[in-house]
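Peer 1: Quick mapping for you: the protein sequence lines, in order, are chains W and R.
Mapping of the first sequence onto my numbering: position 49 corresponds to residue 150, and the numbering continues sequentially without gaps.
Mapping of the second sequence onto my numbering: position 501 corresponds to residue 509, and the numbering continues sequentially without gaps.
Some clues are possibly wrong.
Reference excerpt, derived from the structure (chain W facing chain R, CB under 7 Å, subset only) [as the list claims (entries may be wrong)]:
# : residue
1 : THR135
2 : VAL140
3 : VAL144
4 : ASN149
5 : GLY152
6 : ASP184
7 : ILE242
Since the hints were made in silico from the structure, they are not lab data.
For clarity, every value in this text was computed on a predicted model and none was experimentally measured.
Think of the CB as a built atom: it goes at the ideal place given N, C-alpha and C, for glycine as much as any other residue.
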Amino acid sequence: MAQSEQFCTFFLDGHFFGVPVQQVQEVIRYQEMTRVPLVPQAVRGLINLRGQIVTAIDLRRRLGMSERPADKLPMNVVVRTDDGALSLLVDEIGDVIEAEQKTFEEPPETLKGMRREMIQGVHKLNDRLMHVLDIERACRITEAPEGAVAVR
Amino acid sequence: MAHIGESLLGRLRDGTLVLDGEITTALLAMVDAIRQMLASIEAQGSEGERDDSALISTLTRLQHDPEAARTEAAKLELAKIELAKIELAKIELSKTAAAAGEGSAEAAAPPANIGAILMERTGVTSAEIQRAAALQKEGDPRHLGEILVEQGAVKPADVVEALRVQRTARVSTAASDSTIRVDVGLLDKVMNLVGELVLARNQVLLFANRLKDASFLAASQRLNLITTELQAGVMKTRMQPIGNIWGQFPRTVRDVALSCGKEVRIEMEGKETELDKTIIEAIKDPLTHLVRNSVDHGIELPADRVLAGKDRVGRLTLRAFHEGGQVNIEISDDGAGLDVDRIRKKAAERAVITAEQAARMTERETFNLIFLPGFSTAQKITNVSGRGVGMDVVKTNVEKIGGTVDLQSVLGRGTTVRVKIPLTLAIIPALVVTCGGDRYAIPQVSLLELVRLAPEQAKSGIEMVQGAPVHRLRGRLLPLVYLSRVLDLNDAGESSQQEGRPVNIVVLQAEGRAFGLVVDEINDTEEIVVKPLGKQLKGVNTFAGATIMGDGKVALILDALGLAQKANVVSELHDRTVAEKELSAAEKGAGNRQTLLLFQAGDHGRMAIPLALVARLEEFSRSKVERAGRRKVVQYRGRIMPLIEVAEAVGESSGASTDADSRLQVLVYAERGHSVGLVVERILDIVEEDVVLDRMAERAGILGSAVVQQRVTDMLDVQGVVRAADPDFFTVAAE
Chain W
102 MAQSEQFCTF
112 FLDGHFFGVP
122 VQQVQEVIRY
132 QEMTRVPLVP
142 QAVRGLINLR
152 GQIVTAIDLR
162 RRLGMSERPA
172 DKLPMNVVVR
182 TDDGALSLLV
192 DEIGDVIEAE
202 QKTFEEPPET
212 LKGMRREMIQ
222 GVHKLNDRLM
232 HVLDIERACR
242 ITEAPEGAVA
252 VR
Chain R
9 MAHIGESLLG
19 RLRDGTLVLD
29 GEITTALLAM
39 VDAIRQMLAS
49 IEAQGSEGER
59 DDSALISTLT
69 RLQHDPEAAR
79 TEAAKLELAK
89 IELAKIELAK
99 IELSKTAAAA
109 GEGSAEAAAP
119 PANIGAILME
129 RTGVTSAEIQ
139 RAAALQKEGD
149 PRHLGEILVE
159 QGAVKPADVV
169 EALRVQRTAR
179 VSTAASDSTI
189 RVDVGLLDKV
199 MNLVGELVLA
209 RNQVLLFANR
219 LKDASFLAAS
229 QRLNLITTEL
239 QAGVMKTRMQ
249 PIGNIWGQFP
259 RTVRDVALSC
269 GKEVRIEMEG
279 KETELDKTII
289 EAIKDPLTHL
299 VRNSVDHGIE
309 LPADRVLAGK
319 DRVGRLTLRA
329 FHEGGQVNIE
339 ISDDGAGLDV
349 DRIRKKAAER
359 AVITAEQAAR
369 MTERETFNLI
379 FLPGFSTAQK
389 ITNVSGRGVG
399 MDVVKTNVEK
409 IGGTVDLQSV
419 LGRGTTVRVK
429 IPLTLAIIPA
439 LVVTCGGDRY
449 AIPQVSLLEL
459 VRLAPEQAKS
469 GIEMVQGAPV
479 HRLRGRLLPL
489 VYLSRVLDLN
499 DAGESSQQEG
509 RPVNIVVLQA
519 EGRAFGLVVD
529 EINDTEEIVV
539 KPLGKQLKGV
549 NTFAGATIMG
559 DGKVALILDA
569 LGLAQKANVV
579 SELHDRTVAE
589 KELSAAEKGA
599 GNRQTLLLFQ
609 AGDHGRMAIP
619 LALVARLEEF
629 SRSKVERAGR
639 RKVVQYRGRI
649 MPLIEVAEAV
659 GESSGASTDA
669 DSRLQVLVYA
679 ERGHSVGLVV
689 ERILDIVEED
699 VVLDRMAERA
709 GILGSAVVQQ
719 RVTDMLDVQG
729 VVRAADPDFF
739 TVAAE
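Isolated chain W, as found in the complex (with noise of 0.2 Å):
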């Protein structure tokens, strides 16, 4: 039997993406942020989670994707990285699906620039391609402050 992953997916700008589901703790509805100046703009603000300060980072903005409409919430899927939680802001969450390595592809040459670093690959699915997101790559924001702006 080929080996399979279990990917944690959710929606950006009308994209299909999927995380690792080890690497996610838990999935929750918007919550109020504060925000932090001086800080590159992917960085949304911080959440109170069950009293642990978790930093939010906006995905549209990290992958030089245009604004959420201001009507819709995002929601967040909350991770874990080697920095502690940091919680990601997408669009809408779909299902935890089942992938086989099999299905999966390396991004195409075509694909350059941040969002390049960011996808590790697609999953090529019955009915659609699944963005496979580099979690450590998008919360290495302190590595290129400037970038998601400039992408934009």
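Given chain W, work out where chain R should sit, using these hints.
Peer 2: Positioned in the frame of chain W, the structure of chain R alone reads:
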């Protein structure tokens, strides 16, 4: 190796050898080596591959070296003390060995019986001891040791020594009965949970006040009390005596002193002063550096010390004590002290300051130069210090944990470095302010005062120096920083600058410089739990962390130093020019420079009183004025305060309106808890001037005249006026 060391110790104990510096060094090296072995056993389960042959041969040589056996009566006392230390170290060592599962014979607990100790250590026969014990039983009131000494069986010093060993053994057994070892990780977790509890308590209190349910309120008050106590208790578990890190200093001092040929005695006071574990760890390195510095730079060579008429042996004193919620640690030596001129010269050489500036700097400012990076006054670089990268690191590290470093020195008499640090880092009192709709917390330690400019004052209160906003605070220019601008809160715009709104200024200090932070609103003070920020936000030094407020929302904690740097308040150049200005001002006014409050009273012209005599400035509505007997009074802070019309007191008609709606400007003068209000027409200004009093105009209530701001101004005789109105005021106040 331990064996050879032991037989060496044995010979020392027997008096065949006399302890000197060389033997001590070798023994200490042995202890180090054994310690390393233990560490490696702990880590890998084996002794590791070591080559100790050099050390072993030194130890062996010392055992047989007749040279080392020189007998100097003067050294004997010192040797005994050193021996005691080594013995104690050995006991310590054997305990560690036991803990590491070594299970050697030495690991057995030290005998608690004094006779047994003496037997083991001095070779007294058991017969002798039994004889002494028998005497004791027969009614001899003396201690066993005394009897033995009298019989000549043992030396007095040995008895003292044995008693010490006995005491140590007793203390350690007692301590192990009432204490347990707890994993630091667990303590950290408990600490975090208590932090959560504090936040939850704040939320509950918020609800309780809103709901106004009496029983709920009572319950929440109880919760409040218990939480506060629990918090204090948990904080205590994390407290450690500073002696824990001082313990290694005698050794450090000895090594450094030996390597530069100095003799130093170390004294410690307040070893038991407790500090939070994290802080203890943070100050360990800075303190070690300061101690090494003192020995290397501070204390002179023995020969120089004798020449200077001091004791050959230098003294290094460490003191720790609590003061005002902070811990003070002083490291002082009785060495050469800092040479102000040499620092100035060196600074000028290095072009840190100009020669002109150097000439004008105060001693204190000059001393602070040594905290600048790359600055060293050492004439030569040694392997211990002198590279100039020490003191600035010390300062940075201490400031990182919210502490301060201050240095005092008298040439030829010694230097004292005072480090002030907060007790704990986890929960701190903070001021909460609002700016651009968000709340921010400012740690109380960096807070100096709060200034509120009423809408009508806002315009005149904020002036511009080449586009940089400043505020005159008691005659000094206070640079203003708009929080909304520093943080680029563009949507907040210039809300704090809008016409018709009061301006709230939070006066902060960073690196000894004061600056005013303009915020939209000042809310309240609160105990906050500091939480670290994620890696993504670490690069922004404007924030010291974040916290969760009573309503569950997150607020950022502002870092005064980071803000100042961001707003360029604390740039080197600026720092200096301001220091210069203050200095020149201070020099000019060496004589009669005073800060004066200028006011107008009735038809009388300008009058002034020293600001120092004014406790407060108050404003009362005229309708608040009541009468007590024939005197005018107002209710002020729950007491009755008599009012004195200054204009009447100096014999002028009071031109004040009697309109009940008008406001009275009152200068409150207080003497030992009693206050009296001086009613004036208008408060004009606060200035700092040289006062040359001309007594020409002297009369009742007026001390004389002086030229203030190019205008003749009468100086009010406050005491005179008060006494005239109320002859009993000073006698009552004095009671």
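Peer 1: A closest beta-carbon separation below 7 Å is what the hint needs, so does VAL144 of chain W meet it against chain R?
Peer 2: holds (6 Å)
Peer 1: Hold the hint about ILE242 of chain W up to the distance rule: shortest CB distance to chain R must be less than 7 Å.
Peer 2: holds (5 Å)
Peer 1: Does THR135 of chain W pass the interface hint, meaning its C-beta sits closer than 7 Å to a C-beta of chain R?
Peer 2: This interface hint holds because 4 Å falls under the 7 Å limit.
Peer 1: Can the hint on ASP184 of chain W be confirmed by a CB-to-CB distance to chain R that is less than 7 Å?
Peer 2: Status holds, d = 4 Å.
Peer 1: Does VAL140 of chain W meet its interface restraint, that is, does its C-beta lie within less than 7 Å of any C-beta in chain R?
Peer 2: At about 6 Å, which falls below the 7 Å cut-off, the nearest Cβ of chain R leaves the hint on VAL140 of chain W intact, so it holds.
Peer 1: Have a go at the ASN149 of chain W hint: is there a Cβ in chain R nearer than 7 Å to its own Cβ?
Peer 2: Cβ of ASN149 of chain W sits 5 Å from chain R, so the hint holds.
Peer 1: For the hint on GLY152 of chain W, does the least C-beta distance to chain R fall short of 7 Å?
Peer 2: holds (4 Å)
Of the numbered hints stated above, none is contradicted by the structure.
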